[in-house]
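*Asks:* Order-wise, the sequence lines are chains A and B.
For the first sequence, our numbering begins at 1 and goes up steadily by one.
For the second sequence, our numbering begins at 242 and goes up steadily by one.
By construction, these hints were calculated from the structure, which means they are not laboratory data.
None of the values given here were measured: they were computed from a predicted structure.
Where a beta carbon is used, it is the ideal one built from N, C-alpha and C, also for glycine.
Check the hints yourself; a few may be wrong.
Claimed, not checked - Among the chain B residues that face chain A by a calculated CB cut under 10 Å, a handful are:
1. 287
2. 304
3. 414
4. 415
5. 487
What the hints assert, rightly or not - Only some residues are given here: those of chain B computed to face chain A with a beta carbon under 10 Å:
6. 268
7. 289
8. 327
9. 486
10. 488
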Amino acid sequence: MTTLATTTARIAEAAAPLDGRHPVAPLLERARAGREFGANVHSTLDVLWVLYDRVLRVTPATVDDPDRDRFLLSKGHAVAGYYAVLAAKGFVPPDWLDDQGGPESRLGDHPDRTLVPGVEIGSGSLGHGLGLAVGTALGLRAQGLLDPRVYVLLGDAELDEGANHEAIAYAGAVGLANLTAVVVDNSSATHGWPGGLATRFTVNGWTAATVDGRDHAALHAALTGHHGHRPHLVVAVIESE
Amino acid sequence: MRDRFVDTTTLLLAEDPRTALVLADISAEAFAPAARRHPDRVLNVGIREQLMLGVAGGLALTGLRPIVHSYAPFLVERAYEQIKLDLDHQAASAVLVGVGASYDRAAAGRTHLSPADVALLDTLSGWTVHVPGHPAEVPGVLRATVAADTSAYLRLSTLSNARPHAGDGALVVVRDAGPGAALLVAVGPVLDAALSAAADLPVTVAYTHRPRPFDTGGLRALAGTEVILVEPYLAGTSARVVTAALADRAHRLLTLGVGREELRRYGSAEDHTRWHALDAAGLRRSLTGFLSAALV
């Protein structure tokens, strides 16, 4: 069983040699402010860190650059780790972490793209991120922006929302090669996904990789493992809570 | 109106590389030539209205100007949360174009009726709503709307006035009954019936195809103490706006439009116009009752 303490320590260790300014662990502690985090925060930290540290081509200086990679957090409740990583990478001042949800805060319990630099979508209601990601991928393609990738992070229970299945079928049918969906699977869907999550995507024409959601090397390989003309799925399996 | 929409949108797609069209199978055949010319900007997602709005939100986030089109009940009612969250909450905007207004396809029954569309969009902030009263009004309204950058809804109908009364959306006086007369505001295709109903009554008739933002300045300039709203969607939809605009004046307001009760009757659009008392005879009954009360 991986605990928050070991996870944050691992992230801090990973962060230290790469970015000595803002190790994630103390930032996450600031955002936590004594509260107990649920599984939604613990389950996404490693994916978020690998994305922002090693995969996404976006920096605080390029948050408005049309050529940037996009990261869309669909499961908007998984926000504390997201804010901590954004602070670690310099998108938001660390001071903002101390007052999440406060009356003067720009950081809500769900993120608002108009309030937080680097945040691509406001989310919180499940089932919206993948559709927005499909539209973003189509919009980039229509404007000849063929380099940027669109990453969208969902949870396995979020896939219960039917809107996702509209997007899965359509993205596969039209071959959105610039789209990667990441599903953090901690087996929290009420009725489960017999046969595995990935089959729902691959039957619709996606490529898919299922990896240990705590293994940074495996995550990195999967998150950059898209090829050909198909949309790509990464299932990051973590322990059930 | 749908034909004029298809023609104008096809031209806009060719003229402006910022435009995109998102469909959910409805009208896809009519847009097939445009789709062949602009395969990256004419997107038919299949019968998936939630995705249609989500895609529009994503397109807008990349800087495109999406036009989103379907049957009104599927466009506005089925995907309401996507309109609220995938457009408004993202500070993204789009032009929604619905056909099948209120009871255009009465014989299809309740599933294809949408008299609540404008009221539903009224729960959101900052939307422009256009209700053309004649096919010739559509191209200009659509072009101006697409050229702007706010979210808008164009409510197209098979019902129409005999001739266009286009304008910029401000109230246009069509019949002036002089100072002190009651003011009737007709929105879109109900104008001709309203004019006929008021023909020999002391009523000034004004027209608009743009109930949102409502021309409150024009209303205040034209209104006396009696105001009558005639709208081709849920009765009273604009009452809130008119009441607020005249809050500092003693006035009486009559709101006419489509009733809330589900009739469970088929027939034609004209039949429903009569059953909702939006034909000339029905409107006249409502007008005389309202105005005679003022004389008591």
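*Asks:* Now look at each hint and say whether the structure bears it out.
*Replies:* Hint-by-hint comparison with the structure:
no. : hint : result
1   : 287  : holds, 6 Å
2   : 304  : holds, 7 Å
3   : 414  : violated, 41 Å
4   : 415  : violated, 42 Å
5   : 487  : violated, 34 Å
6   : 268  : violated, 18 Å
7   : 289  : holds, 4 Å
8   : 327  : holds, 6 Å
9   : 486  : violated, 30 Å
10  : 488  : violated, 31 Å
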